[in-house]
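Per my numbering, the very first residue in the sequence shown carries number 1; after that it's consecutive.
It cannot be assumed that every hint is accurate.
[What the hints assert, rightly or not] Derived DSS-like pairs (lysine-lysine); straight-line CA-CA distance at most 25 Å: (1) Lys56 with Lys164; (2) Lys78 with Lys313; (3) Lys23 with Lys56; (4) Lys121 with Lys57; (5) Lys296 with Lys38; (6) Lys256 with Lys23; (7) Lys78 with Lys56.
Bear in mind the hints are in silico, worked out from the structure with no lab data behind them.
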Amino acid sequence: MHLLEETLLAITGVNEENQKNQKEYIATLLKTPDGLGKLEKMNIQLSGIEKEYRVKKKAVVVMAADNGVEEEGVSASKRVITQYVVEAMVAGEASISSLCKSLGSELFVIDLGIDSTRVFKGAITHKIMPTGTYNIRKGPAMSREQAIEAIEVGIDIVRELVEKDYNLFAVGEMGIGNTTTSSACLKALTNLPLVELVGYGSGIDERTLGLKIAVVEDAVRINKPDVNDPIDIIQKLGGLDIAAMTGVYLGAARYKVPIVLDGLISGVSALLAYRMNAHARDYMIPSHISEEPGAKWIMEALCFNPMLHMNMKLGEGSGAVLVFPLVEAASNLTRDIRVYPEV
Numbered sequence: 001m002h003l004l005e006e007t008l009l010a011i012t013g014v015n016e017e018n019q020k021n022q023k024e025y026i027a028t029l030l031k032t033p034d035g036l037g038k039l040e041k042m043n044i045q046l047s048g049i050e051k052e053y054r055v056k057k058k059a060v061v062v063m064a065a066d067n068g069v070e071e072e073g074v075s076a077s078k079r080v081i082t083q084y085v086v087e088a089m090v091a092g093e094a095s096i097s098s099l100c101k102s103l104g105s106e107l108f109v110i111d112l113g114i115d116s117t118r119v120f121k122g123a124i125t126h127k128i129m130p131t132g133t134y135n136i137r138k139g140p141a142m143s144r145e146q147a148i149e150a151i152e153v154g155i156d157i158v159r160e161l162v163e164k165d166y167n168l169f170a171v172g173e174m175g176i177g178n179t180t181t182s183s184a185c186l187k188a189l190t191n192l193p194l195v196e197l198v199g200y201g202s203g204i205d206e207r208t209l210g211l212k213i214a215v216v217e218d219a220v221r222i223n224k225p226d227v228n229d230p231i232d233i234i235q236k237l238g239g240l241d242i243a244a245m246t247g248v249y250l251g252a253a254r255y256k257v258p259i260v261l262d263g264l265i266s267g268v269s270a271l272l273a274y275r276m277n278a279h280a281r282d283y284m285i286p287s288h289i290s291e292e293p294g295a296k297w298i299m300e301a302l303c304f305n306p307m308l309h310m311n312m313k314l315g316e317g318s319g320a321v322l323v324f325p326l327v328e329a330a331s332n333l334t335r336d337i338r339v340y341p342e343v
C-alpha cells in the first residue's frame, strides 16, 4: 500500500468531546463572554487536536521546484530566480528566513525539482523531476506516479519533524510560475471564471495577465483533469511544490499537529488535501487573505475566516509564520486566565 493510501485511511477528525468541554470551561473564565474572539475559537480547535496542547517547536516547510509553464512568459521573473531565492533562504537572507528568525521558527527548504544540477547546501534534496515539471499548456505537468511521490515527500517530512518534537507547522513554496499552476488547479476545483482566479503574481502587467489567463484556459482544456480526483488535478495542472504541500497538510492531519495556511498556492494545496480527506481541514489554521484574487474563493471553499489582513502577496510561508504567536497565545489561554469568581 502506498504511504498516501495509508495516510488517507489513518486520518481521523479531532476530539469533539474535548472541544465541547473546552468551550464550556472557557465560558467560566474571568473575561467578557467571547471577548477574545478568534483566539478562543482557536483554543477550542487546538484542544480537539490535543487535549492539553502547548507549542513545543515550530517549523516552516518550504517546497521548492520549477514549473515548465514559466516558458510561456507568464511571470515577471525568469526561472533562475527560484535558485536565487532558495540560496537566500538557506543562507538566512530571504524574507521567510528573516520572519522565522524573528518568530523563533526553524525553516526547512525542500528541493523537489529546481532546474539546476547544484546541491543547495542547507536544503533537503528530494529531486523528483530534475528540471521541474513539464509545460501544462502542452500536456500534463507530471505523471501520476510523480505526483504521488511528491505528496508522499510532504507526508514524510511531517513524520520526521514530529519525531523531533515539532508540533506547529506552516507550509510555503518557491517556484517561478506557480501562481499559474495553482490558478489552473483552482479552476478545476471551483470552475469559477478565470478573471476571478488569476492574478498578477510576481508583478506582471495587464498584457501578461491576459496571456496568463489564456495559458490557464488552454491548460485546463488540453489536459481535461478529472475534477473529482485531486491527484489527477495535481498531475495534469499542478507543480511539485503544490503536490508536496498537499502532502504536508495530510501529514499534519495524520500525525495530529496544527498547520497554518499561507497564501494562494498554499491554499490551493490545502483545498486539494481537504478534497482527499475532509478531516484534514480540522487541523488547518488560516493566516491571511492573499492579494491574489483566487485566495478569497479558497477561504470560502474551506469556510475559513483569515486571522490577518496584511496586503501580502509573497508566498514562501511568510503570512503563515506571522500567525505562530497567535497560536501560542491561544494555546495558553486556559492555562493562564483565572476562573470567574462566585459573587
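Hints, verified against the model:
1. Lys56 with Lys164: Distance ~10 Å between Lys56 and Lys164 Cα, so the pair holds.
2. Lys78 with Lys313: 18 Å, holds
3. Lys23 with Lys56: 23 Å, holds
4. Lys121 with Lys57: 23 Å, holds
5. Lys296 with Lys38: Cα-Cα ~18 Å, so holds.
6. Lys256 with Lys23: 20 Å, holds
7. Lys78 with Lys56: 39 Å, violated
In summary, the one numbered hint that this structure violates is 7.
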